[in-house]
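Visitor: Using the sequences and the hints given, assemble the complete structure.
As you go down the protein sequences, you meet chains U and D in turn.
Using numbering that gives the first Met the number 0, you'd call the opening residue of the first sequence number 0 and step up by one each time.
Using numbering that gives the first Met the number 0, you'd call the opening residue of the second sequence number 0 and step up by one each time.
FYI, nobody ran anything at the bench for these hints, they're computed from the structure.
Even glycine gets a Cβ: it sits at the ideal position worked out from N, Cα and C.
Check each hint, because a few of them may be wrong.
Stated by the list, open to error - Under 7 Å between C-beta atoms, here's a sample of chain D residues computed to sit facing chain U:
hint, residue
1, Y114
2, P276
3, S285
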Amino acid sequence: MAQVFDLVLSAVLLAGLYAMMAYGLGLIYGVLRVVNLAHGGVIMCGAYLGWVLHERLGLDPYLALPLVMAVTFGFGVFLYRVLVCHLPRGAAGGPASLLLLFGVWLVLRNAAYLLFTANDQVIRTSYSTHSLPFFGTFLSVNRLAVLGLALVIPLALQLFLSRTYLGKAIRAVAQNADSCTLVGVDVERVYAITFGLGTALAGAAGLLSATLFSFNPAFGAGELLKSFVVVVLGGLGSVLGTSVAALILALVEVFAILVLPSYLTSAVGFVMLVLVLVLRPGGLFGRPVLG
Amino acid sequence: MKRWWRAAARAKLLVYVAVVALLAAAPALLEPYTLNLVTLAYLMMAGAVGWNWMGGFVGQVSFGHAALFGVGGFVAAHVLSSSSLPSPVAWLVGGLAAGSFALGARPTLRLRGPYFTIASIGLGEASRLVFTYWDWFTGGASGLSLPLMRESKQELYFWGLGLAATAAAISMLIRRSALGLELLAIRADVDAAGDVGISAPSLQTRMLFLSGAVVGVSGGLYASFFGFIEPNDMFGFDRSVAFVLMAVIGGLGTVHGPALGAVVFVLVQQSLLASYPELYLGLYGSLLIAIILFEPLGLSGLGLRLGRRIDARWLEPRRAAATAARQAGSP
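Guide: Now the structure itself:
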């Protein structure tokens with residue numbers, strides 16, 4: 000029983016991170032209809048940015064968060080303005096956007112190999128090993144902080160999308176870009192900002208994972224696929240749906256440790272991805288992402 | 000017009016036969032190193048052409064074809080080491096196994112565009128993990144050695160050439176047949192194709208099997224060629240990416256593009272990357288970006304563009320002059 004309780008707790012702590020990664024991917028897909036295959040690469044970049052700031056400047060990773068998000072936001076806007084905006088949209092442009100953004104990911108990975116080598120790194124702070132007692136077990140301070148931030152940031156984004164003028168423009172463009180052009184919304188600018196916001200979330204998720212897990216330039220591939228599971232399962236544009244889906248994924252992954260040999264637990268996410276796509280392409284809550 | 004088409008087809012057939020005959024004579028002239036390189040290029044050509052049947056002809060871009068390459072390679076390796084069947088039979092068995100394995104991905108075929116691609120990443124990576132875990136089959140992370148070389152490298156050269164030539168011929172036949180037209184229709188618009196009575200699921204399933212089988216046979220030959228295979232290489236994500244890259248470099252959905260792309264890929268791998276191994280991801284990444292932005296049809300697109308320019312520069316004026324002369328001659 001205690002074991003089950005422990006596992007559920009660690010799943011909840013993990014779910015926050017997954018939700019945040021997925022939210023960035025879902026935002027870009029919902030508005031631009033582009034699957035950002037470079038998402039994993041940006042997650043990896045966020046991790047390295049945080050690591051460099053911590054190692055070289057001694058900046059605490061949680062204080063570095065706004066900085067990392069600003070940099071990755073800028074990078075996203077740059078990506079959109081320079082590359083993504085030239086792509087054909089809609090069904091005809093399908094493979095093009097995938098291949099292009101995959102190319103960006105390869106370049107990012109190569110840059111990381113050149114700059115930081117292939118060694119595993121981790122951000123280690125003075126409180127990395129601290130933990131708090133909690134109903135007979137212990138919770139890592141770091142993991143709690145990550146969970147808190149992973150809940151606060153998407154909620155803040157949700158408020159931004161529903162309350163501010165720009166946020167409303169983004170949602171309007173997601174619904175119908177042509178009508179937005181008619182009423183004078185600068186659609187290209189909205190696209191650029193959305194792409195920036197999505198990559199900023201990826202960067203933040205990368206930084207937060209770097210405080211928990213070790214990473215190397217290949218980091219992010221599994222994270223991309225997990226984000227995709229959550230997006231498909233949870234539907235677009237709802238923090239609640241995304242959170243529930245992230246929790247389901249985390250629970251399945253964590254409990255797989257009980258039944259599967261440890262080597263195969265990383266396959267669980269991949270299998271679940273395919274199962275979700277094939278069996279529940281409409282998601283759990285009837286807000287289909289597909290189609 | 001019809002006669003012109005037939006003449007063009009005959010000319011193409013002649014060129015094809017001449018190229019294959021020329022390549023078949025090559026081993027007499029090539030050094031062993033070059034011979035091996037060309038053999039490897041043939042195997043990659045067959046793989047890229049097979050990948051293109053799904054990614055280009057059907058329009059379902061797969062990032063998971065390494066699983067088929069791996070299944071073909073390991074099944075062939077087991078047949079080779081546990082029986083005295085002739086090698087080509089073993090490779091064929093590997094191909095059939097890979098084709099059947101590919102059919103396991105059938106349910107993902109109804110996914111479209113990015114969803115199919117993402118699902119293929121999931122399937123490919125799951126296969127890699129599972130097969131690496133099954134060490135009785137794949138030897139785990141330490142791999143599997145084939146007992147002894149049955150064929151000389153020169154024999155393998157001919158088998159490789161035969162495989163690549165067969166794959167290219169099938170590609171040409173598909174493109175020229177009714178099946179090719181139906182596939183084009185499916186790629187352009189699945190729903191509209193369904194409205195005119197083209198059954199996308201059955202055609203896509205057939206292409207999936209065919210694509211898997213050829214990639215599997217090429218995996219089997221690869222196993223014989225190296226005499227040692229290892230699941231993380233055979234099933235690796237990099238290998239899936241290699242198939243995508245070869246086809247995209249040569250021209251997605253074109254008949255000859257992927258084979259051309261495979262040649263470029265192997266050449267670049269051997270000449271450039273041997274000296275700069277730390278740059279290969281970035282090189283391929285930038286290549287992908289540049290191709291998608293500037294020439295989505297890759298080398299084939301460049302060729303077409305060049306052809307059109309030559310036509311406009313030299314041939315068109317001549318034709319115009321000839322017409323003018325004819326008109327002047329018969330008022």
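Visitor: So, for every hint listed, does it hold in this structure?
Guide: Here is what the structure says about each hint:
| no. | hint | result |
| --- | --- | --- |
| 1 | Y114 | holds, 6 Å |
| 2 | P276 | violated, 10 Å |
| 3 | S285 | holds, 6 Å |
Checked against the numbered hints listed earlier, the structure breaks hint 2 alone; every other hint is satisfied.
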